[in-house]
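Asks: Could you build all of it, start to finish, from the sequences and the hints given here?
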Amino acid sequence: MTTRRTFLSASAVVGLSLVSAKEESRQRELPQELYNILQKVQNHLFPKGTLLPSASLFGATDFLQETLYHSSYDRDIRNFVLRGAKELRDTHKGELLNYNEEQMEKALRDFEETKMGSNWLSRVMILSIEALLSDPIYGGNFQELGWKALETTGGSPRPTSRYVAL
Amino acid sequence: MRDKYDAIIVGSGASGGAVAYQLCKAGYRVALLEKGRLIRREEFSKDELAYCRRDIVTPNLFDEYHTIEEKIDGAWVETPTFESGWSFWNGNIVGGSSNLMSGMLHRMHPDDFRLKTVYGEIEGANIEDWAISYEELEPYYTLAEELVGISGKAQPHPYKAPRSTKDFPQAPTQESAITKLFDRSCKALGVTPLITPRAVLSQDRGERLACYYSNFCGSYGCSSGAKGSSREAFIAPALATGNLTLLTNSHVTKLHSTQKEVTEVEVVNTLTLASQKLSAKIFVLALQAHESSRLLLNSANKFHPQGLSNSSGEVGKNLIFSAGGAGGGTFYRKSMKKKDFEALMQRGLFVNRSLLDWYIQKNWLGGKEKGGLVEFMFEHQNNISRAISTRYSNSRLLWGKELAQAMHSSFTQSKKIRFEIFNDWLPTDDCFLSLDTKRKDKYGMSVGKLRIHGHPHDMSVAKSIAKECEKVLQEMGAEDIYSSLSSTPPQNLIAGGCRFGDDPKRAVLNKNCQSFDTANLFVADASFMPTGGSTPYTWTIYANALRVGDMIIKVLQRKL
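For the protein sequence lines, the chains are A and B, in the order given. Taking the working numbering, the leading residue of the first sequence gets 66, the next gets one more, and so forth. Taking the working numbering, the leading residue of the second sequence gets 76, the next gets one more, and so forth.
Some hints could be false.
What the hints assert, rightly or not - Simulated pairs of lysine-lysine, BS3-like, Cα-Cα distance not exceeding 25 Å: (1) B/Lys414 with B/Lys491; (2) B/Lys437 with B/Lys235; (3) B/Lys546 with B/Lys409; (4) A/Lys213 with B/Lys476; (5) B/Lys100 with B/Lys356; (6) B/Lys491 with B/Lys255; (7) B/Lys409 with A/Lys213; (8) B/Lys476 with A/Lys105; (9) A/Lys113 with B/Lys476; (10) B/Lys629 with B/Lys100; (11) A/Lys171 with B/Lys476; (12) B/Lys546 with B/Lys437; (13) A/Lys213 with B/Lys100; (14) B/Lys191 with B/Lys538; (15) B/Lys491 with A/Lys213; (16) B/Lys414 with A/Lys213.
Because the hints were derived from the structure by calculation, they are not lab data. None of the values given here were measured: they were computed from a predicted structure.
Replies: This is the structure:
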């Protein structure tokens, strides 16, 4: 059982984050450039005009940012998400933010062909789905649009604080 | 301060709560030490992100972890769990993981107490009979049934353990319409469907309210008190006696002892990291099985250089899990009548069915064989995990319209049913806990190293049962039927490590779960089990802990 290690191995961040954990914990927000890249990616994964609300509507990137820097989130995975966004930025020489839908599709499918890209896209997808379907108290699932789109709801009672008021 | 408490219990899960209940009801002063916090009934919610996707009720793996040893390509490979993410913690809150259980409870069969005698030895397995019989534990199964509030229906079956009372204290919980189809299909195959006994109240009882069918039971705390957790069934009434002191955020890092008795426990406050020593007449370990062994081994001193209660060298040995696996199938709207599918989609009701037909088999794998129990249930209704499971098609990540379509279809056009097989995880020399002396946790304790190995026999049994389960699903008309069996252990079903027995050279505990080496030390959790039966352990843990509580009372009364 080496799920997480295998998942992260391509990024070579395991261990490194132990060294830089203190430094990382001081930071609470994504650098603007990486925020924009992640937003661009999430908007492509959850575009407007499907059976689901769009990433911009359900609040995917703000949720991702808050989640990554919360104390309950695995710091190795946080570093992996940041590293993947940087990789994508560098591969496309800073042009990713200017890509149209077709170019974005090709960029992400090309990235998916690499082990790291495949794992990274999967992780960003998981974070996006968490934003889509977690209780709105976490800042995603705006007006319960995610639940409504899938004809479901959360359990009762609903949380009244995030993370059981840690 | 030696006599401030009659007993100190380390751990407030299924066994700790039950022992505390017995002692407090009998008038003894008890300190119940829980490493985690108290989450009250009214504080529980169905917060999937917190309870199911983050380490909120378990330690951060960078602070506290285990080392797992698995055989890969013929060599034992160590992986710390902060690296793998494979947590071996289960619910570090008051009441332990019993707060989070699904509550499908079963008694072990009388044969399970005499596995070696009835079924014989199996090469490569360290099978031993239990030190007590089913008949000795039966009164405590009955007591647990009453106190926990297990709902169900007594039904005849040749492989059901005999009962001393006519029926369960409460009727079964409400059932999904699928049970009619399930029962009909089983009967067509000559299989006997049984109503699952469940640690969930179907009717109000005192301060505890009946199940409100929230649709989110397993992995969550219960907001009505219906679920018979240690917190609801035992700790709350023990507190009401005035004899219980509940100490939360209190982590025991060491037991101090002389040659003949335990004298104190070293307790660290997990919030302030301040430590103190507490003393009592009796000390009871009631952790998870692997953690009890770790604490004993970490408590070595000049009197007990191999670890406390380890003169036999058996502490940590013969760790067992529940073997088996899972499988399932899918019902599609397009393949069913509208009203039948809509009935299937009604939320919150239980499947409540189990099968015992393959618990014991003759001439099955070449002789009389112990088989296992099967539980049927709907796929867990967690929205995020269900949605995540739709993200791939042919190893390609879906997104955009394709993902939306797949996710929408999965949620609205289909209903998944699952089965879980529970069969014996045979004890072997290659499944045990030792200390990882190279690694220490945030409290300075040596980390527990679990070598994990499943005996090939376990998988043979599970495969045989899975084939029968798939036939049931076929008869029901399910599609996409599958079985997923592996020798990877479920980390929430751990037992063994401190076997009980009659021979101090081969067992850690006597038949009363009392240490052979230090007579004022008891281990009340699942550590005592030499074999695990083919059921989830919880009812047996509750029952045995109530029995151990009675034994401790006799010791305190100087009658034992």
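Asks: Each hint needs a verdict: does it hold in this structure or not?
Replies: Evaluation of the provided hints:
1. As the CA atoms of B/Lys414 and B/Lys491 are separated by approximately 17 Å, the hinted pair is consistent with the 25 Å bound.
2. For the hint linking B/Lys437 to B/Lys235, the alpha-carbon distance of about 16 Å falls within 25 Å, and the restraint holds.
3. Using a Cα cut-off of 25 Å, the hinted pair B/Lys546 and B/Lys409 holds, with the two alpha carbons roughly 22 Å apart.
4. Between A/Lys213 and B/Lys476 the CA atoms are separated by roughly 17 Å; this keeps the pair inside 25 Å, and the hint holds.
5. A C-alpha spacing of about 17 Å is found between B/Lys100 and B/Lys356, which places the hinted pair at or below 25 Å, so the restraint holds.
6. Distance check on the hinted pair: B/Lys491 and B/Lys255 sit about 16 Å apart at the alpha-carbon level, within 25 Å; holds.
7. For the hint pairing B/Lys409 with A/Lys213, the CA-to-CA distance comes to about 22 Å; that is within 25 Å, so the pair holds.
8. Distance hint between B/Lys476 and A/Lys105 is fulfilled; the C-alpha atoms sit about 17 Å from each other, no more than 25 Å.
9. Of the pairs offered as hints, the one joining A/Lys113 and B/Lys476 holds, with about 9 Å between alpha carbons and a cut-off of 25 Å not exceeded.
10. Among the hinted pairs, B/Lys629 with B/Lys100 is consistent with the structure: their alpha-carbon atoms are about 14 Å apart, no more than 25 Å.
11. Our distance criterion of 25 Å between C-alpha atoms is met by A/Lys171 and B/Lys476, whose separation comes to about 16 Å.
12. With a C-alpha separation of about 20 Å, the suggested pair B/Lys546 and B/Lys437 falls inside the 25 Å cut-off, and the hint holds.
13. The suggested pairing of A/Lys213 with B/Lys100 is violated, with an alpha-carbon distance near 50 Å, which exceeds 25 Å.
14. Simply put, B/Lys191 and B/Lys538 have alpha-carbon atoms about 22 Å apart, close enough for the 25 Å limit, and the pair holds.
15. Proposed proximity of B/Lys491 and A/Lys213 is supported: the alpha carbons are some 20 Å apart, at most 25 Å.
16. The straight-line distance between the Cα atoms of B/Lys414 and A/Lys213 is roughly 22 Å, inside the 25 Å bound, and the hint therefore holds.
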